[in-house]
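Top to bottom, those sequences are chains A and B. Following my numbering, the numbering of the first sequence begins with 1 at its first residue and continues without gaps. Following my numbering, the numbering of the second sequence begins with 1 at its first residue and continues without gaps.
Just so you know, these hints were derived from the structure itself, not from any lab. Errors might be hidden in some of the hints.
[Unchecked claim] Listed next, the in silico DSS-like pairs over lysine-lysine satisfying Cα-Cα at most 27 Å (straight line):
hint : chain 1 : residue 1 : chain 2 : residue 2
1    : A       : 32        : B       : 78
2    : A       : 25        : B       : 399
3    : A       : 170       : B       : 8
4    : B       : 148       : A       : 155
5    : B       : 108       : A       : 170
6    : B       : 245       : B       : 8
7    : B       : 290       : A       : 36
8    : B       : 399       : A       : 44
9    : B       : 72        : A       : 25
10   : B       : 148       : B       : 56
11   : B       : 182       : A       : 112
12   : B       : 57        : A       : 169
13   : B       : 182       : A       : 44
14   : A       : 169       : B       : 14
15   : A       : 36        : B       : 72
16   : B       : 78        : A       : 36
17   : A       : 169       : B       : 45
18   : A       : 36        : B       : 245
19   : B       : 342       : B       : 108
20   : A       : 2         : B       : 78
21   : B       : 14        : A       : 155
22   : B       : 290       : A       : 44
23   : B       : 14        : A       : 170
24   : A       : 32        : B       : 342
25   : B       : 56        : A       : 169
26   : B       : 72        : A       : 169
27   : A       : 32        : B       : 69
28   : B       : 45        : A       : 32
[Unchecked claim] What the simulated footprint calls covered on chain B by chain A, stretch by stretch (three residues with Cβ under 8 Å from a Cβ of chain A suffice, anywhere in the stretch; the number is not a length):
hint : segment
29   : 22–36
30   : 103–113
31   : 145–151
32   : 185–194
33   : 367–378
34   : 393–402
Cβ atoms here follow ideal geometry from the backbone N, Cα and C, with glycine treated the same way.
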Amino acid sequence: MKTFGGPALFLDRNDINTDEIIPAKYLTENTKEDLKPFILEDLKLPGFDPAADAKGAKVIVTRSNFGCGSSREHAVWVFEVNDINVVIAESFARIFRQNMFNCGMLAIELPKKDIDAFFALGAGVTISVDMDKETLIVRGTKEFTCKFVLNSFDKDLVLAGGWLAYADKKY
Amino acid sequence: MGKTITEKIFAAHKRDVPSDNNVVLDIDVVMCHEITTPIAVNDLKARGMDRVFDPKKIKVVIDHVTPSKDTKTATQAKILRDWARRNNIKDFFDIGANGVCHALFPEKGFIRPGYTVIMGDSHTCTHGAFGAFAAGVGTTDLEVGILKGVCSFRLPETMKITITGNLGKGVYAKDVILRIIKELTVNGATDKVMEFRGPVVDGMSMEGRMTLCNMAIEAGATCGVCLPDRVTAEYLWPFIQDEYKDIEAAVEAFRKWHSDADARYVAEKTFDVSALVPQVTYGFKPDEVKDITDMVGTNIDQVYMGSCTNGRIEDLRAGAAILKGRKIADNVRAILSPATPKVYNQAMEEGLIKIYMEAGFCVTNPTCGACLGMSNGVLAPGEVCASTTNRNFNGRMGKGGMVHLMSPVSAAAAAVKGYIVDPREMM
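Extracted from the complex, chain A is given alone in its bound form (with noise of 0.2 Å):
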């Protein structure tokens, strides 16, 4: 398995698209390494400079419906080539957030206040992931930790390294 965590990167609207991850003109690569200086590219957030703000990151904390729009997998595999394993956002788009799982990488939803509470820590956030007891230590400019909750199915996922290992042993 994975280890999870590291060095946050707050990305502060709702409805964060693929095409905005990583745009469609970049799905003619054959490898997932080549995606990686693409990442977040046509994202625009005030202030934003994706390829140096994703420098060093480890986790992405959003808000909600992250990665709505089309069902392309190099949205989680830019991620990936990145180092990037966990996203923590309000809520996901079905497809990204099972994308995720079934490349071992872990999507994380938790409720509006606590995206709020991560949100107000400003720059310079570490989050770790412990998943035995599902709790992210946060380390700021305050230190607190914070219970998810994953889908069971979802945990086995991660567990097993991903989807393709999963149903291999299993069907």
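Assemble chain B onto chain A, guided by the hints.
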């Protein structure tokens, strides 16, 4: 307690229940295109698992960038082509026979009521129009589908969307679904199935129902679905005539999939469309929708007609009725991509292609290209497109471009005027 159509399909395809919230389904049709499949193919090869669960249940098309525009897209096409041959997949559609997946596969009779369908493409929900459960998935789900013929889903909740009244002049399925998405918002149906019911749906052709179901994903839905009826049976008749003694028998057999009267819905909404006017998007999300009367005069640079939403023969006929005897405006360039070779041929036989060309349209081969800004009509920064497609995301049809989604009739009218206009004035 009764069941919805989706609950019946799930019950009939249940392979496993890995948790209280999830079910693993047997899949009847796994559809593949050259954008999301090659990485799955390469991965299966690398793992020494280069095989398919059943070549007859896998349908393959090259449609997103075709003919290939460069080495990378040619390589994607080649990976798919070689894989289909190697694995004895007969239903493979290459240049000359290819078209936009969600228009082509229904035309071939691949989708039947009660089927489960997946594809690495979010607009797979289109096929729910046939009374199927059809869902867009990512490449890993697709890969497992190819290898094992199964896919996992959370247990579906269904929203019942009843459409009543009478569609007025110049108002079509596209206007109805844009209005519904405006109301539900872009995540109002996430993890839900949108079941379209009521007299307006009953009166729609399969083309209209496909347009409705196609955009269910724009409200976040897993699938859109219509109950299979006589219209469905007549559309499918060439493919099912050996299975039923007559159309009536097929209609009767399809009835077993219908939602029960006492089925439970998570929400029920009714839309009376009698007063609905043509709809158009104004922002970068498909729920940012206005009456076209509030957008009249918005200048455009390009008109695009085609896609899995509105590239079928009815759409081309509706657009041609506006364009006949008219020319597109000097400030506009206009592109028509009939969604399949059959649509293209039929449009030629009916004289529609001539109407489009005489009006000043460029007619391209069937392809998804321009809709997602990959080829055949990409916008320059600052340009505006009146489009019959399904997404108006920022940069969708080209970085810095703006897309206004609308019906084929509204797009044809905009092409003639050079700006957004109420098409009813031209009918």
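Is it true that the CA of residue 290 of chain B sits at most 27 Å from the CA of residue 36 of chain A? Violated. Residue 290 of chain B to residue 36 of chain A sits at ~38 Å, over the 27 Å cutoff.
Please verify the coverage claim for the segment 367–378 of chain B: does it have three or more residues whose C-beta sits within 8 Å of some C-beta in chain A? Coverage by chain A holds for the segment 367–378 of chain B (3 residues, Cβ < 8 Å).
CA of residue 36 of chain A to CA of residue 245 of chain B, is that 27 Å or under? 57 Å, violated
Straight-line Cα separation of residue 290 of chain B and residue 44 of chain A no greater than 27 Å? With Cα atoms ~24 Å apart, residue 290 of chain B and residue 44 of chain A stay inside 27 Å; holds.
Taking 8 Å as the Cβ threshold, is the statement that the segment 393–402 of chain B is covered by chain A upheld or broken by the three-residue rule? Coverage by chain A holds here, the residue count being 5 at a Cβ distance below 8 Å.
For residue 182 of chain B and residue 112 of chain A, compute the direct alpha-carbon distance and say whether it is at most 27 Å. The given pair, whose Cα atoms are some 23 Å apart, holds under the 27 Å limit.
Regarding the pair residue 32 of chain A and residue 342 of chain B, is the alpha-carbon distance no greater than 27 Å? With Cα atoms ~36 Å apart, residue 32 of chain A and residue 342 of chain B exceed 27 Å; violated.
Is the straight-line distance between the alpha-carbon of residue 45 of chain B and that of residue 32 of chain A 27 Å or less? At roughly 15 Å apart (the allowed maximum being 27 Å), residue 32 of chain A and residue 45 of chain B satisfy the hint.
Quick one, are residue 399 of chain B and residue 44 of chain A close enough, alpha carbons at most 27 Å? 12 Å, holds
Annotated coverage of the segment 145–151 of chain B by chain A, confirmed only when three residues or more have a Cβ within 8 Å: holds (count 3)
How about the segment 103–113 of chain B: do at least three of its residues have a C-beta closer than 8 Å to a C-beta of chain A? violated (count 0)
Satisfaction of hint between residue 8 of chain B and residue 245 of chain B, Cα-Cα up to 27 Å: 25 Å, holds
Of the hints listed earlier, those the structure fails to meet are numbers 5, 7, 18, 20, 24, 26, 30, in rising order.
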